[in-house]
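Student: Sequence:
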Amino acid sequence: MESFILQNKTARLAVLQRIELASPFLLKIRKLFGRYIFSNIITKYFLNPKLISQEYYKMMQEEFLIIKKFISSNDNFFLGIGSGIGGLELLINQNFKDKNYYFIERNYVSKKVKYGWGGMANNEAYNDLELQMNFLKINNMNESQINIYDYDKDDLPEIKFDIVISLFSLDYHYDFNIYIDYLKKVSKPETKLIFDTIRVDYFNKIFKNVKIISTNLDTVHKSNRIICSNFIN
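Each number in our numbering corresponds to the 1-based position in the sequence shown with 9 added.
In short, the hints are calculated from the structure, not lab data.
Mimicking DSS-like on lysine-lysine, the simulated pairs with C-alpha atoms at most 25 Å apart in a straight line are:
# : residue 1 : residue 2
1 : K18       : K162
2 : K193      : K220
3 : K146      : K106
4 : K18       : K53
5 : K120      : K37
6 : K37       : K67
7 : K169      : K193
8 : K108      : K67
Work out the full structure, taking the sequences as your base and the hints as a guide.
Tutor: The structure is reproduced here in structure tokens:
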């Protein structure tokens, strides 16, 4: 089975970012001992990085196939908001060469990771930007292509992006409106924004073009994935 090169500490981040990667046994442990023990002990010492790497690759491949047809060879500047360690961007990079990737992330792991449609500003985070950079580089993304920004410390990039991707982040952990002014600033009318939501109708009032590209009802993420373009105002 194809897989990423995924080291122990990065495998932990992948599981915290995508709880579906945890085995049924680990999910039972999480339920029994709680999120704090799971996040701070179980994920540090009881994971199988090789297995997680294979499952993470498979998961990102499925995500890539959903959005592939919306990516053009003319799309050169990609922005990921809450992309985690960046597996999806690695697969985009394998299929569309010589693109530029920008990431906006938070650089810490919450002590008690929670999942859910928060609809508000919160401090939830589970990433390590040094580990993310290393993961991208050892999986054949050139350092010159990678631009990682710490949401809490850095001035955010202000270029016009071709594609913005935020799977289970914008409108999931963080209210979309936190970023709306910024997204307007870095978007062209044809910029494509891809993210997940449980309130599609709301975005029909924000964008001129909104299309559901997939529906997810089988996991913890019960939602629609949409592609939007051209802010109304």
